[in-house]
Amino acid sequence: MQALFDQLSRASERNASNLFFDSEGANARAALGQIEFPTSKSENWKYTRTAGITSKTWITNSIIPAPALPEIPSYACSLVFVNGILDRERSQITDIQDVELLKSSEAHWPEWEQFDFSERYKDNPFLALNSALSAEGAAIRIGKNASSKGQIGLTFITSGEGQLSAVRNLIIADENAELTFSIRHIGMPTTWQIHNTAFLLRENAKVHVDLAQEGAPTAHIMTHSEVKLSSNTRFTLNTATLKGKFTRNDVRVEVLGNNTEANLNGFYMPAAGELVDNHTVIDHVLPHSQSNETYRGILSGNGIGVFNGKVFVRQDAQKTNAFQSNANILLSDDAVMNSKPELEIYADDVKCSHGSTTGQLDSDALFYLRTRGLSFDAARKTLVQAFAAAVIEQFSDSSIVKSIDHTLRTKLA
Amino acid sequence: MLSIKNLHVSVDEKQILRGLSLDVKPGEVHAIMGPNGSGKSTLASVLAGNEAFEVTAGSIELDGEDLLELSPEARAHAGLFLAFQYPIEIPGVSNINFLRTAINEKREALGQEAMSAKDFLKAVKEKSALVELDNKLANRSVNEGFSGGEKKRNEIFQLAMLEPKIAILDETDSGLDIDALRIVANGVNKLRSPDRSFIVVTHYQRLLDYIVPDFVHVLYEGRIVKTGGKDLALELEAKGYDWIKQEFEEVAS
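Those protein sequences? They're chains A and B, same order as listed.
Heads up, the first sequence stops at 420 in this note's numbering, and the numbers go up one at a time, no gaps.
Heads up, the second sequence stops at 262 in this note's numbering, and the numbers go up one at a time, no gaps.
Since the hints were derived computationally from the structure, they do not count as laboratory data.
Check before you lean on any hint, since a few could be wrong.
Covered stretches of chain A, going by a simulated chain B footprint (3 or more residues, C-beta under 8 Å) [unchecked claim]:
{"no.": "1", "segment": "376-385"}
{"no.": "2", "segment": "390-401"}
In silico contact screen, one side only, chain B against chain A (beta carbon under 10 Å); selected entries [as the list claims (entries may be wrong)]:
{"no.": "3", "residue": "V102"}
{"no.": "4", "residue": "S150"}
{"no.": "5", "residue": "N152"}
{"no.": "6", "residue": "L171"}
In this text, a Cβ means the ideal position worked out from N, Cα and C, and glycines have one as well.
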């Protein structure tokens, strides 16, 4: 990966010494020489080829005169990053009580140290690239007993031919805090964004994130979310991948306390020329916890979907209740779905279930609706929307729900 | 109104209907009876436009229009309704919302204005009372978690909402206890009118005690082999189908 990084460094307007994540960045830069890009032989990237991305020429984290950008829904507090850099004009920065909201480079918090990503580089080489390149991002800390719901929106836009932006975020919910916020990834034509977001939930904290990803037909989005759960916490991450040539989401949840609840939900609808890959890992280390995963996809054209859901239940994690379901509808003969549940259970008193289904719309249901007078298109839309509803209703951000509905309608038209 | 002539239908290259002819005039109720495998449900499915069945010969016209040329939805718009023997469960699709879409698509096809929300809700209230369908069920996902009786009542509720010219009831009595049967039959009777016809497909005479037909037809080997009045159903109940089969074999040989 060294070659790509060198090329980026030469092309970048920013000097490597400006990067905030000094020691980690230096380590990552050193590691790049040893790390190869994934090939089809890499287990984690089997169905998701990246050569088309890595062979291109990119420039990174640079301020360019941004062309017209899409409208961003308003939040009480909205941080907008363009090409990895906070755009103060587009942002709406207001104080929220008991919430610290900073640029990552200004958040000199010790919690960064609790996340060591170097052990993940092998499985996800792009994390190393992210660590090597990241200069900025958002850092949110919600204080003890505080609550903020629907007030914060983070938007990351990558814009300009050949732009690559790498972003590092850290979200901390202190004891008994409750945070509900939204993230948007917007990829303009011929761009690449790599996100790494760390979540730390202290005891009794609740965090709910709605994430919407919308890329141009030539945009690439990669995300890694790393979640550490203390006892009695609840974490929900809802991911809607609306558009984009290439989207890869990795989520890793570590259950490091008792009585936690982790909910990962995803909705994706790859159409012609699009690929969406969701890789999740839930690692139940301690007992009495619950995890729920519901991922649903609607694939059309020659769209490609990948779901890989790994659940570890370690020996000490008795009374774990892990549920996983991945369901997909193929609307065309050319669409492809690769779905793989992976359960590794080392405890004996646990309840784990997983299910994966991929098929066409139920022809009996289609016929039934048509005999009542619904046109074929209306019947199809009705069934697809009903299928999607099970995931969409998990989202609490109505503007994201609206975006999903809109994309669903356009893609079905 | 409905005119079926010399209908031949096969499924997976197996011939099921072999020259069925039937004329239904406005306001008439025709019962179709017959032993298992005689083609009763095939007739119902073909009328509704199920593409799994292939019409190899014959014609079906509704008010002079060639029904076989029409999609299932166009047939519904033309005034045909099928009450399914096994109503489909559709999780996530609200009974009420889909009915509203159905009604308005039909109205649009007929060049009528969409039904107002107020009129629609009024109709829902009236028509669900007709079959004693709990309002809660009307608002739930289509048939999801409904009992057998509730599903059949929901079919008749939809019939009432869509106000077809001709309704086909495919073994609507199957799986119903006597109370549910009475409720469903009463609902149907209230929907009878001089310009609405019914084809009632059934195994048993029992339903015809409640929905009294003008004609009873016996379907055997893919065609109608005997036609009579409501008394024919009683005769079949008493004597079974063997004598009809025998008559048919004699005529055939």
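Right, here's what the structure says about each hint:
Only when three residues or more bring their CB closer than 8 Å to a CB of chain B does the claim for the segment 376-385 of chain A stand; here the count is 9, and the claim holds. Here's how the segment 390-401 of chain A fares: 6 of its residues keep a CB closer than 8 Å to some CB of chain B, so the rule of at least three is met and the hint holds. With 10 Å as the threshold, the beta carbon of V102/B comes within range of chain A, its nearest partner Cβ sitting at about 5 Å, so the hint holds. This hint holds: S150/B has a C-beta 8 Å from the nearest C-beta of chain A, less than the 10 Å allowed.
Here the hint on N152/B is kept, as its CB sits about 9 Å from the closest CB of chain A, short of 10 Å. The interface hint given for L171/B holds, since its Cβ lies 7 Å from the closest Cβ of chain A, which is under the 10 Å cut-off.
Hint compliance for this structure: every hint is met.
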